[in-house]
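The two chains are supplied separately, each in an independent frame; assemble them into the complex guided by the hints.
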Amino acid sequence: KAGVTQTPRYLIKTRGQQVTLSCSPISGHRSVSWYQQTPGQGLQFLFEYFSETQRNKGNFPGRFSGRQFSNSRSEMNVSTLELGDSALYLCASTLRTSAQETQYFGPGTRLLVL
Amino acid sequence: GESVGLHLPTLSVQEGDNSIINCAYSNSASDYFIWYKQESGKGPQFIIDIRSNMDKRQGQRVTVLLNKTVKHLSLQIAATQPGDSAVYFCAGANAGNNRKLIWGLGTSLAVNP
Chain A
1 KAGVTQTPRY
11 LIKTRGQQVT
21 LSCSPISGHR
31 SVSWYQQTPG
41 QGLQFLFEYF
51 SETQRNKGNF
61 PGRFSGRQFS
71 NSRSEMNVST
81 LELGDSALYL
91 CASTLRTSAQ
101 ETQYFGPGTR
111 LLVL
Chain B
1 GESVGLHLPT
11 LSVQEGDNSI
21 INCAYSNSAS
31 DYFIWYKQES
41 GKGPQFIIDI
51 RSNMDKRQGQ
61 RVTVLLNKTV
71 KHLSLQIAAT
81 QPGDSAVYFC
91 AGANAGNNRK
101 LIWGLGTSLA
111 VNP
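Here the protein sequences come in this chain order: A and B.
Using the numbering used here, the first residue of the first sequence is number 1, and each one after it goes up by one.
Using the numbering used here, the first residue of the second sequence is number 1, and each one after it goes up by one.
Calculated directly from the structure, the hints in this document are not laboratory data.
A quick note: this is a predicted structure, and the numbers were derived from the prediction, not measured.
We put the CB at the ideal spot given by N, CA and C, even for glycine.
Hints are supplied without guarantee of correctness; some may be wrong.
Chain B side only, calculated, beta carbon under 8 Å to chain A, not exhaustive [unchecked claim]:
(1) E2
(2) K42
(3) P44
(4) A93
(5) G96
(6) N98
(7) K100
(8) L101
In the SDA-like style, the derived pairs of lysine to any residue whose C-alpha atoms are separated by at most 20 Å in a straight line are [unchecked claim]:
(9) K57(A) - S3(B)
(10) K13(A) - L114(A)
(11) K71(B) - A29(B)
(12) K57(A) - N97(B)
(13) K42(B) - L112(A)
(14) K42(B) - N56(A)
(15) K100(B) - R110(A)
(16) K42(B) - Q54(A)
(17) K42(B) - R110(A)
(18) K57(A) - K71(B)
(19) K100(B) - F64(A)
(20) K56(B) - A79(B)
(21) K100(B) - N56(A)
(22) K56(B) - E101(A)
(23) K42(B) - F69(A)
(24) K42(B) - P39(A)
(25) K42(B) - R9(A)
(26) K100(B) - G5(B)
(27) K100(B) - G58(A)
Chain B on its own, in the form it takes in the complex (with noise of 0.2 Å):
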C-alpha cells in the first residue's frame, strides 16, 4: 500500500549545527507534502509545506527539498536549537486518495547544548 517513512526513528545533533531529516514516499501520485513538529505533549504542529510543482521551499531556519525522481524530500534546520527538540513527522497527500494525509513514523531529534 501507499507509505511514506523516515528514514532515521532518532537523530541527535549538537546545538549550532544545521539538522537535516530525511523522508521517502511510495505513491509517485502524491502532489501534496507537508512536515510537522510535535513536542512532547503537544500536538502536531505545521512546520512547512511543499508541492510537487516547487523542488524546493524556505522558511524562517527551515528548508524543505523534494526530490520527485527518488520520491524523496527532506527538512533541513539551520543552526539548530534546544527549543528545536521534538518528533517530526512528514506526510504526503494526493487526488487519488481523497487527498488524505499518509503519515510517516516520526524523527526524534535531540539537540544537545
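Chain A with its partners taken away, still in its complex shape (with noise of 0.2 Å):
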C-alpha cells in the first residue's frame, strides 16, 4: 500500500497570510490526525478526523482549523499566519479499529513564515 502523502512539501509565506496543507491517508484508513513539530516543543497534537468529523482537538487557536473528506482525504488551514507557526505539519492515519490504533506518518509540510 501506498504511505501517507502529504502536499506541498515545502511552503514559505508571508505573516498575515493563509495556508492549506493536504493529508491523503493510506488506503482504508478513515483517522486522521495533524501535528506541529518544532525543535522546542515535540510534536504538538492539532486535531483528529475520523470520517469527516472532529474526533479530538489540541489546545491550538482558532486560525488552526481543518477538515476530512469523504475519501479521507484531509486538508488543514492556517489563516493570519504569524512567524511562529513556522513548523513542520506531520499528517498522520489511523486504521482505528478496536485492535489497531497505530498511527502512520507521513514526511510533513515543513512551513517557513517571514
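Structure follows, in C-alpha cells:
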C-alpha cells in the first residue's frame, strides 16, 4: 500500500497570509491526525478527523482549522499566519479499530513564515 | 495535566552496544504506548507498541518494557547500528482522552562508530 502523502512538502509564506496543507491517508484508513512539530516543543497535537468529523482537538487557536473529505483525505488551514507558525506539519493516518490504533506518518510539510 | 516525558534529551552509544531509552508517563489510566523513530527530514516511523496488559514486547532488535507500578517504559535497542541514529519519541493514550496520543519531547540517539 502507498504510505501517507502530504502536499506540498515545502512552503514559504509571509505573515498575515493563509495556507492550506493536504494529506492523503493510507488506503482504508479513516482517521487522520495533524501535528505541529517544532524543535523546542516536540509534536503538538492539532486535531484528529474520523469519518469527516473532528474527533479530538488540541490546544491551538482558532486560526488553525481542518476538515476531512468523504475519501478520507484531509486538509488543514492556517489563517493570518504568524512567525511562530513556522514548523513541520505532520499528518498521520490510523486504521482505527478496537485492535488497531497505530498512527502512520507522512513526510510532513515544512512551513516557513517570513 | 497529563504528560509523557523522556528522561534524557540526548544519548550517545558506541556501535554494537545496546541502547536504552527511557520514558515516564503521568496518567495511570494510560493503556497504550508506542515508540517512534524520526530521522532527519522524515516523519516519525512506527517502531513498536505495547498495551497495558503486557509487561514486555519484542520486535526485531527492539524490546519495549512497561512498568505500570512506576509508570515507566523503556525502549531497548540491541547491537545499536549507525542507522539507529535518530530522535526517538514515546507516546501514550487512554480511553479517557478519547485515545489522543500524548507525546514526549524525544531523545536524540547518536551512534558512534
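Original post:
Which hints, by number, does the structure contradict?
Top reply: Of the numbered hints given earlier, those the structure breaks are 1, 5, 14, 15, 16, 18, 23, listed in rising order.
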